[in-house]
Structure formats: structure tokens, C-alpha cells
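Asker: Residue numbers (our numbering), protein chains in the order written: chain A, 1 to 163; chain B, 1 to 824.
Warning: the hint list may mix true and false statements.
As the list claims (entries may be wrong) - Chain B residues, not near chain A, derived (Cβ > 10 Å throughout):
#1 Lys-31
#2 Arg-32
#3 Gly-41
#4 Asp-47
#5 Glu-180
#6 Arg-196
#7 Glu-213
#8 Phe-242
#9 Leu-261
#10 Glu-315
#11 Phe-420
#12 Arg-459
#13 Gly-715
As the list claims (entries may be wrong) - Straight-line Cα separation of at most 20 Å, PhoX-like style, residue types lysine-lysine; simulated pairs:
#14 Lys-145(A) <-> Lys-31(B)
#15 Lys-512(B) <-> Lys-606(B)
#16 Lys-145(A) <-> Lys-758(B)
#17 Lys-454(B) <-> Lys-443(B)
#18 Lys-42(B) <-> Lys-31(B)
#19 Lys-758(B) <-> Lys-199(B)
Stated by the list, open to error - Here's a subset of chain B near chain A, in silico, CB distances under 10 Å, partners left out:
#20 Gln-28
#21 Ser-29
#22 Tyr-45
#23 Val-49
#24 Gly-227
#25 Met-521
#26 Gly-716
#27 Ala-750
#28 Asn-751
Bear in mind the hints are in silico, worked out from the structure with no lab data behind them. Since the structure is predicted, the reported quantities are computational estimates derived from the model, not experimental observations. Just so it is clear, CB atoms sit at the ideal spot from N, CA and C, and this is done for glycine as well.
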Amino acid sequence: MAKVEMTINGRSVSGVVEDRMLLVDFLREERNLTGTHIGCDTSQCGSCVVHVDGKAVKSCTMLAAQAAGSEITTIEGLASDGELHPMQAAFRDNHGLQCGFCTPGMIMTAVDIVNREGADVDEQTIREQLEGNICRCTGYHNIVKSIAAGAKEMGSGMKEAAE
Amino acid sequence: MASHLDSNVIPPSRQRETPRAGLTWIGQSMKRVEDPRILSGKGGYIDDVKVPGMAHAAMVSSPHAHARIVSIDTSKAEELPGVIGVYTGEDVATVVDPCPSFASPPVTQHAMAIDKVRHVGEVVAAVVAEDRYIAEDAAALIEVEWDVLPAMVDIEASLEAMGDGVLHPDDRESNKALDESFEFGPVSEDFDAADRIIKRRLRWNRSSAQAIETCGVISQWDAFKGGYTIHANTNFYNFIPFVIGGSLRVSPGEMRIIPVLTGGSFGSKVFIHKIIIMTSALSRLSGVPVKYIEDRLEHFTNSDSHGSDRLYDAELAINDDGTFKSLRFTVLDDYGAYLQFGVGTHGNAMAQVTGPYQIGSFGMRVIAVLTNKTQQGPYRGFGSEVTNWVMERMADAAAEELGRDPLELREQNMIQPDQFPYMIPTGNIYDSGNFQKVLGEAKSLFDLDAWRKKAADMRAEGRCVGIGVATCMERSVYGPTEWWSLNNKETPGFTLTSTPEGISARIDPSGKLFVTLHSPMVGNSPETVVTQILAERLTVAPEDVVINYSDSQSGFNGVGPQGSRFTAMVAGACVSAAIKLEERLKRFGAHMLQRRPEDMELRDGKVAVKGLKDQETSFADIALNSSFFRLSFPDGEEFDSGLETTAVYDHPLSTDPHEDREHLGIFYPIVGHICHIVAVEVDPGTGKVEMLDYAAVHDNGTIVNPRTLAGQVWGGTANGIGTTLSEQFNYDESGQFVNPNFAEFAMPTANEMPRNFKLGHVETPSPYTEYGIKGGGEGGRLGAPSALTSAVEDALQNYGVKISALPITPPVLRGLIREAEQAA
Ligand code: FES
Ligand code: FES
Numbered sequence: 001m002a003k004v005e006m007t008i009n010g011r012s013v014s015g016v017v018e019d020r021m022l023l024v025d026f027l028r029e030e031r032n033l034t035g036t037h038i039g040c041d042t043s044q045c046g047s048c049v050v051h052v053d054g055k056a057v058k059s060c061t062m063l064a065a066q067a068a069g070s071e072i073t074t075i076e077g078l079a080s081d082g083e084l085h086p087m088q089a090a091f092r093d094n095h096g097l098q099c100g101f102c103t104p105g106m107i108m109t110a111v112d113i114v115n116r117e118g119a120d121v122d123e124q125t126i127r128e129q130l131e132g133n134i135c136r137c138t139g140y141h142n143i144v145k146s147i148a149a150g151a152k153e154m155g156s157g158m159k160e161a162a163e
Numbered sequence: 001m002a003s004h005l006d007s008n009v010i011p012p013s014r015q016r017e018t019p020r021a022g023l024t025w026i027g028q029s030m031k032r033v034e035d036p037r038i039l040s041g042k043g044g045y046i047d048d049v050k051v052p053g054m055a056h057a058a059m060v061s062s063p064h065a066h067a068r069i070v071s072i073d074t075s076k077a078e079e080l081p082g083v084i085g086v087y088t089g090e091d092v093a094t095v096v097d098p099c100p101s102f103a104s105p106p107v108t109q110h111a112m113a114i115d116k117v118r119h120v121g122e123v124v125a126a127v128v129a130e131d132r133y134i135a136e137d138a139a140a141l142i143e144v145e146w147d148v149l150p151a152m153v154d155i156e157a158s159l160e161a162m163g164d165g166v167l168h169p170d171d172r173e174s175n176k177a178l179d180e181s182f183e184f185g186p187v188s189e190d191f192d193a194a195d196r197i198i199k200r201r202l203r204w205n206r207s208s209a210q211a212i213e214t215c216g217v218i219s220q221w222d223a224f225k226g227g228y229t230i231h232a233n234t235n236f237y238n239f240i241p242f243v244i245g246g247s248l249r250v251s252p253g254e255m256r257i258i259p260v261l262t263g264g265s266f267g268s269k270v271f272i273h274k275i276i277i278m279t280s281a282l283s284r285l286s287g288v289p290v291k292y293i294e295d296r297l298e299h300f301t302n303s304d305s306h307g308s309d310r311l312y313d314a315e316l317a318i319n320d321d322g323t324f325k326s327l328r329f330t331v332l333d334d335y336g337a338y339l340q341f342g343v344g345t346h347g348n349a350m351a352q353v354t355g356p357y358q359i360g361s362f363g364m365r366v367i368a369v370l371t372n373k374t375q376q377g378p379y380r381g382f383g384s385e386v387t388n389w390v391m392e393r394m395a396d397a398a399a400e401e402l403g404r405d406p407l408e409l410r411e412q413n414m415i416q417p418d419q420f421p422y423m424i425p426t427g428n429i430y431d432s433g434n435f436q437k438v439l440g441e442a443k444s445l446f447d448l449d450a451w452r453k454k455a456a457d458m459r460a461e462g463r464c465v466g467i468g469v470a471t472c473m474e475r476s477v478y479g480p481t482e483w484w485s486l487n488n489k490e491t492p493g494f495t496l497t498s499t500p501e502g503i504s505a506r507i508d509p510s511g512k513l514f515v516t517l518h519s520p521m522v523g524n525s526p527e528t529v530v531t532q533i534l535a536e537r538l539t540v541a542p543e544d545v546v547i548n549y550s551d552s553q554s555g556f557n558g559v560g561p562q563g564s565r566f567t568a569m570v571a572g573a574c575v576s577a578a579i580k581l582e583e584r585l586k587r588f589g590a591h592m593l594q595r596r597p598e599d600m601e602l603r604d605g606k607v608a609v610k611g612l613k614d615q616e617t618s619f620a621d622i623a624l625n626s627s628f629f630r631l632s633f634p635d636g637e638e639f640d641s642g643l644e645t646t647a648v649y650d651h652p653l654s655t656d657p658h659e660d661r662e663h664l665g666i667f668y669p670i671v672g673h674i675c676h677i678v679a680v681e682v683d684p685g686t687g688k689v690e691m692l693d694y695a696a697v698h699d700n701g702t703i704v705n706p707r708t709l710a711g712q713v714w715g716g717t718a719n720g721i722g723t724t725l726s727e728q729f730n731y732d733e734s735g736q737f738v739n740p741n742f743a744e745f746a747m748p749t750a751n752e753m754p755r756n757f758k759l760g761h762v763e764t765p766s767p768y769t770e771y772g773i774k775g776g777g778e779g780g781r782l783g784a785p786s787a788l789t790s791a792v793e794d795a796l797q798n799y800g801v802k803i804s805a806l807p808i809t810p811p812v813l814r815g816l817i818r819e820a821e822q823a824a
């Protein structure tokens, strides 16, 4: 057993977990943050992507204990005060989700892509960097469109903040 | 001339809302109502549900394809702290009976195996524990002794098997589960009279939907009430209690099935009855609520939703002038170890087996074979995706043998716009269509003439570039006779003929329209389409519509999203509910305005006097008065308090199968049409296929929401691309399922989809459904395989490669090219 402390969506939390507990289970079972999903056993699908210290991580592939001391953001931490994050809004505007099961992971990956590649990220880069996220509903067409639109929106938000 | 179809009389249309221009909400790409809660991570899928006191189950699965269970030692598992109970198939069988089966006579299947396992992944024991980690640990401590039996892996070999190779010796002497032959019309005469017979052996291999969410159940046995409360991601929650009550030994009313948001189905979650029964048994045995969520491996190996796996020997009778006369085939279908839905997937294919072509007769022999694999279930297309491909392969083969252009040959044989409703030899009808228009749109969207030149130039440079065109049917709004019409006439099974869909609706005193659906959301857009249709019909604002879901005890008729039926069917229920609500609104409103109901009309959420501008009262006012001020209205039950109603809509157009099966009746008549055109380049060195350009035009009648329909087409096409180019379940000779994971079962990622994907729509409204809506949930997968296969064959024309089996993975194509090179 290990005592872990971390910040999740801006709130510091602590818990005693088994050494082997996966981060995704800690989030879902101990913290009731069930927006982070589990879709596979082998780290392929990306439904479980969260941000750990600002980087996209598959939370099914990391132990809760390894995340001790980290800042975690999950899909629940993106929207504020009933206002969707620009990337979430872009998915809605562009019909980037159908069943929605892959969506939290897609959005967390998308935000990470924009953080790294900037607001003008091109289609080819988006498609390549979605390699670790599988969607079975949409054929990706509208996901790629959503991410490009969300990136622009995030970009103008960043600019405004800078001014 | 007398025809076998004479007795199949088309009933009159029951359409009330005609298709028309100028609709306000129908036809808008409204943003989805479902999205905000999903986007914010508050969807509420099955694994997000927690019930107080809930324990977790883990399974022990068979590592063998075919084996007797000699013994199971659970003692070590039972001792592990945190374990509540360990149960084997025999324990489970003390509280539940075998699973329901649509096959007739049935093939016996236990929710948890007893005595014998018949495929890798079949569950033989389960642990119920405080958490899943402990349950998994304990499951690993269970020791099973096996007596391995010969594994039946190949379809044709399994048919010959005897002795220990027979999977169900108690039910059937051989592995042949069903063998039925049909002739619809003068098949032999047409073949005798034809100038040529085109023959092909075609193989469609097994894959499955693999929605990103697996199947899951929480079941809670209530010993005092003698019933179960069940959360499950089944598509079919108002129907499933009647299907599984017998197995659970409780009456359907003693089960309460609560729906959850479902993370994709594509058919794979239609029933999920086996794990509902199994999890319920575990709750009853352990005395606590039990959650069981399949892990991905279990979903691959034990979820009873593998797709079609067929071998066709097909023949097309044609004349030298290119006229298609008759089609016939023998099909062997590798159903896997059980036969839960009988040969319903072949029944389905009878809806459009002759494609968009005028073909006068059709014959079939269908043989269902049992093998040591996970059994089949529905997957987007439910069998029609395969016959579409077979028909299109045969059309290409005919063109090749006649030396004709494949597209021109198709056009020659197509049903003409003035021939609808058109009855095909099986008895199903195509209600309406304009295939020529769809094709025309597709050609111009793709710019076919320019592409043909470009492809020729590229080929001249030595590149392997080709173009494929598929013109296919997309039947929608299924009727349930497909489940049993091909069963032996003497033992047809449960001859169900109803597929209703219902809603209930209530206008509350604040003026909100509360609507309850009886089918779950599975990735379609039920809340959005119902909002749009009711806003249209009742003139209310979409933001005043609030959608909820019933459970199986509070709900009623709902057959769910499957068979591309939901939008067209729920539209009918919405119209019925709106008619009833309108009548009450007008009655109360007229009384309030001191008018007669027949003077009133609905206008912008108000009841208004026809032709008079200011004489109106809002729905909210009427609801308030009718709910709280009873004494303001006359006595009599027509003024009972409140504004609420329930409504059910039955299948708009179906008839019974002929008793001697001369035809199968009308059962899937609301047909769409699709044309896919794709240009590909094949790298002959690696066998890799790249899609250079892709155009798809779909006709799904009146479109409720163009953006969500487009989403279905893109998604279905992606599934079809996977089926064609990369997805296959591989079994070795011992029946091991060698790639049951996302690493080795290669589903397309974003980077494997075509960049240039152009989508177009034609709208030929149905004369039979409300507003002329047709279903559109499956089309992509019904068209993509045919177009892609043709394109790849065209690209490899210099090698003379012929494609007669899917998928065409890079190694498969490389092999075909190598063979061609060696032969040359
Ligand atoms: S659950 Fe983490 S990658 Fe699939
Ligand atoms: S929206 Fe269903 S898996 Fe992506």
C-alpha cells in the first residue's frame, strides 16, 4: 500500500492505494471521476487519456503511485462553470462524437496536440498524432475537423490572454 | 402471367405527414442534445454506475477451442481475502436455465459452460469479490483440468466431422445446424434459358464491431420480491425481459432493466442476454449486487457478436446482351459454436439480395455450420453487407466475361425510377428510389471522367491505380420475420411479427415538453431527432423539449436502435403522440378562448384561432390551467387534468411470409440507395492500399439531421474500409484465436482513412413513413467493401489479380501479386 497525494483538476487529494493500482482505476473508482474511460487491455485505444503535469498520458498504463505529487487534469477539469472548453465546444459544433466513449480521451489528446503544435496544426499532423486514439463511430472525419477548429479557438483564447 | 409473388399484396400507405418542402426543424443540422453531458465526462456508461454494496466479477475462460471439463478446483480462490464466492457453470445452472435461442430447433447454450467448452474464451467459472483486482487474482488461482477434443476450425471440414468433433451431440448428430433451400420464382428455367452462367466462389471472413466500450451488467437479486434489478448496456431493454425471463426463472415483470448510455453497438449490443443471465446468476448465488464488465479480451472471445463468416458458390445467369436473368448461390456459414439468432442474418439479406438490379428470380441453399469459434451476432449490415458484396462481385465478373464496362452494365440492369414500388423475387419491396440520380451525383462528385483519364495516365507511368464503383441497396426499418422466415417450415420457432416503437410525452405546467423514450442511446442521436420531429409537428422550440428514458417496468414498446429503424420508427411514434396532444391542447385551448376546437391551430407553441392573429394561448398556459384549475373546465373525462399521452407506432409496411415460402413477404421495404466510388493505388511491393479519392452518395429519403446522418455514413464507411482492408479474426488449426486485441486486430486509425472523402445526398422520400424518412445507420458498411474491392482489382489489372475473398490485407495482396507474377 502507498499513500499518494496529487492535485486533480486543481484540487489536492490524497489516498492510500495498493501499489499496483492503475491511475485510471484510482480516478474512476476512488475519485469517482468516471469521465476517463477504459476501452482496452493493451494501451491502444486512448479512451483513458488524461494530462499528467501538462502531458497527455494513458492512465491505464501508469500506476496511481507513479502519479504521486503530480498535477492531473481529467475531462471533468476542462470545462469551467458550465462553460465548455473550446476543444469540447468544437467537438459539439462539428459533430465530433457519436457514442462519446472515445471522446474524453480524444479531447485530452487534442488539447495536448494543440499545446505542442500550436493553433495552426495541420490535418496531417492531427491524423498522425491521433495514432493512439481509436474511434469506432465517426470515421475520424469530424474528429479531425473538430480538433482543427478547437485549435484555432484555443489559439485566439491564448492571444487574448496574452494581450 | 402468374407469378409466385401474386399473393404478396402491397398494403396501402399509412403515412400521415407527407414529405414536403418548407419544414422548420426537420432537415436542420441541429447541434446534438446528447452532447454536453457526454463532453463534460458525465455520460453515465455502464461502468460508471455504482450500486451500494456492489461486488465485482472476474471470469475463468477456456484456453481451449473444444474440451471436456474434467474438474474445477476452486479451493485456493475461495481462501483469498476479499472473495465473496466462487461459482462454476454447475452452480450457475442451479439458478438459471439455458440461454434463449432463435434457432429452431435450438442449439443449447448455457450462460456459463457445463461439462464442455466449445470455443476459446468460453467462461467456466467466476469469482465474485470486493473489487476487480481481488476477483482477477482469485480467478487466476482456479485450476481446471481439461480433456481436449478435436477442434473444428474450417467450415467444410466441420461439416464432415463425426464423433468427438461434433459440438452438440445431444442436440444434433452433426455440425450442420440448418440446411434449407429456396427458390423464389422460376430459377431453373431462367438458368436453362440464359446465354451464360457466371460462376464465382467468394469468401467473406470473420471480424466484428468492437465498439470501444465493451458489454457490461450490474445485476441485483432481490430475494424478497423474487426479481432482479439490472443495469445493462443492451440495445433492447424493453424487450429483453421477455426474452430472458425463462432463463432467469422469473416473470418478465419481476425484472427491472435500467438503460445506460451506451458506448457504441453497431449491432454488437443488441441483446447481450448471456452476460445478463450470467451476472444475474452470480448475484443470486452470492446475495450481493454484482458488476461484470467485459475486458477487451473477453469481448473478443466471449461476447457472441462475431460478424458474418461465409463461403459462397454463386451463379449469375445472364444473356449475351448483358441482361441479368437470375441469381442463385449456395452459402456455407461458419456460425461458431452456437446459433443464438438462427440464420437471421441470411433472412436479412433476402431484403435486397438482388441489389438495385432487375433480376427475375433467385435461389439459395443456406447451410449453417457449427465450429469451435465464438458465435456470431449482429454487426452493421446483419448479413446484407455480405450479399451486397457478392452481388457487386458478380456484376463485376459478368462485365469481365462480357468485356463490358462494369458501370455501364450496372446501369443497363438497374431498376428504373418509374418501377417503384418494386418487388424483388424474395417478396420484399423497394418502396421508392432513383438509383440513376444517385449514380449521377456520385459520378460528378467524384469527377469520374477526369479520374478515369488520370488513372490511365498513372497506369501508363507504371503505377497500380484503379477505380471501383459500387451501387448498392440499403434496406431500412426492419421487420422481425427475418429472424425466422428461413427456418424449416415445420419448426419455424417464435414467429414474431411486431417491431413497434413508442414514446410518452407530457407538457408540464411550465410549458416544457417532457418526452420519455423506450430505447437507449447507443451512439445514434435519439434525443436530437425526437426533439427535431416534435418541435416540427407541435411547433414548439427545441429548447423546450426535455428527453428522458424509461426502464423496462415504466416503459413499453421499444425495439431499439437496430436494423436502421429507429429514426423512421420513432418519427411515427412522435407523430401519433403529437396528434393526440394536439387534440387535447385544442380542446382545452378552445375552451379557454371560448371557441370550438375545430377553429384552432397550433402556432409557435400556442393554440391559436385559425386566421386570427392575437387570439391565442400558449401551451404553458393551457398546461397550467389543465393541471391546476379543474373547475374552470366542463365535467367529463375528456377534460381530465393534465396534458399527457403515450403513443406506439407499428411497422409501416409488412406482410407475412408465404406459408410454403414461395416468397418471404414484405419485411424490410424502406430502402435507401448508395453509390460509392473510390480511387486507390496499390504498392505492388508491399500490398499496401492507399485511397486517393473517395465519394459516397446516399439516398436515405427525407433527412432529419444532415450532420448526424453524415456522421453515420462516415462511421459506417470506416467500418467497411476496416472490413475490406485490414480486419480479420485469425484462428489457428487448434482453434486458438490468435489476435483478440487492439494491437493485432487492425482497425483503422485516423491516419488510415481517406483524406479526400466527399459525401453527397439525394432525397427520395418514402411514400410509407412519416415525412418520408428512411433509415441510414448501416449504409457505409453496405457499400464500401464492394467499391474498394473493385478498385483494388482494377488497380492490379496488369497482374490479372482477381479478388474473391476479404479482407485484402497487405500480405494477402502481396501473395496474390506473387502468384500472378509466378504464373506469368
Ligand atoms: S484503456 Fe488506456 S489505452 Fe485503452
Ligand atoms: S464516438 Fe463512439 S467511439 Fe468515438
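Asker: Each hint: holds or not?
Answerer: How the hints compare with the structure:
Listed as outside the interface, Lys-31(B) is inconsistent with that label: its C-beta sits roughly 6 Å from the nearest C-beta of chain A, within the 10 Å cut-off. With a closest Cβ-Cβ approach of about 7 Å to chain A, Arg-32(B) is found to fall inside the 10 Å limit, against its non-interface label. For Gly-41(B), the condition that its CB be more than 10 Å from all CB atoms of chain A is violated, with the nearest at approximately 2 Å. A cut-off of 10 Å between C-beta atoms contradicts the statement that Asp-47(B) is not in contact with chain A; the least separation is 7 Å.
Even its closest Cβ contact with chain A, about 34 Å, leaves Glu-180(B) beyond 10 Å, as expected for a residue assigned away from the interface. Chain A leaves Arg-196(B) outside its interface by the beta-carbon criterion, the shortest separation being 39 Å against a cut-off of 10 Å. Under the 10 Å C-beta cut-off, the non-interface status given to Glu-213(B) relative to chain A is violated; the minimum distance is some 4 Å. The Cβ of Phe-242(B) sits about 26 Å from the closest Cβ of chain A, beyond the 10 Å cut-off, so the non-interface label holds.
The claim that Leu-261(B) is not at the interface with chain A is violated, since a C-beta of that chain comes within 10 Å of its own (minimum 7 Å). The Cβ of Glu-315(B) sits about 35 Å from the closest Cβ of chain A, beyond the 10 Å cut-off, so the non-interface label holds. No Cβ of chain A comes within 10 Å of the Cβ of Phe-420(B); the nearest lies about 31 Å off, and the non-interface call holds. Residue-level check passed: Arg-459(B) sits 26 Å from the nearest beta carbon of chain A, beyond 10 Å.
For Gly-715(B), the condition that its CB be more than 10 Å from all CB atoms of chain A is violated, with the nearest at approximately 5 Å. For the hint linking Lys-145(A) to Lys-31(B), the alpha-carbon distance of about 15 Å falls within 20 Å, and the restraint holds. Under the criterion of a C-alpha separation no larger than 20 Å, the hint pairing Lys-512(B) with Lys-606(B) is consistent with the structure, at around 13 Å. Simply put, Lys-145(A) and Lys-758(B) have alpha-carbon atoms about 14 Å apart, close enough for the 20 Å limit, and the pair holds.
This hinted pair checks out: Lys-454(B) and Lys-443(B) have alpha carbons roughly 15 Å apart, not beyond 20 Å. Between Lys-42(B) and Lys-31(B) the CA atoms are separated by roughly 18 Å; this keeps the pair inside 20 Å, and the hint holds. Between Lys-758(B) and Lys-199(B), the direct Cα distance comes to roughly 34 Å. Violation of the 20 Å bound is thereby established for this hinted pair. Taken as an interface hint, Gln-28(B) does not check out: its beta carbon lies about 13 Å from the nearest beta carbon of chain A, beyond 10 Å.
The criterion of a C-beta within 10 Å of any C-beta in chain A is met by Ser-29(B), whose closest approach is roughly 8 Å, and the hint holds. Contact between Tyr-45(B) and chain A, as hinted, is supported at the beta carbon level, the nearest pair being about 7 Å apart and thus within 10 Å. Taking 10 Å as the C-beta cut-off, the interface hint given for Val-49(B) holds, the closest approach to chain A being about 9 Å. The closest approach between the C-beta of Gly-227(B) and any C-beta of chain A is roughly 27 Å, which is over the 10 Å cut-off, so the hint fails.
A distance limit of 10 Å between C-beta atoms decides the matter here; for Met-521(B) the minimum to chain A is near 8 Å, and the interface restraint holds. Because the closest C-beta pair between Gly-716(B) and chain A is about 8 Å apart, less than 10 Å, the hint holds. With a least beta-carbon distance of about 4 Å to chain A, the hint placing Ala-750(B) at the interface is held under the 10 Å criterion. For Asn-751(B), the interface hint holds, the least distance from its beta-carbon to any beta-carbon of chain A being 4 Å, beneath 10 Å.
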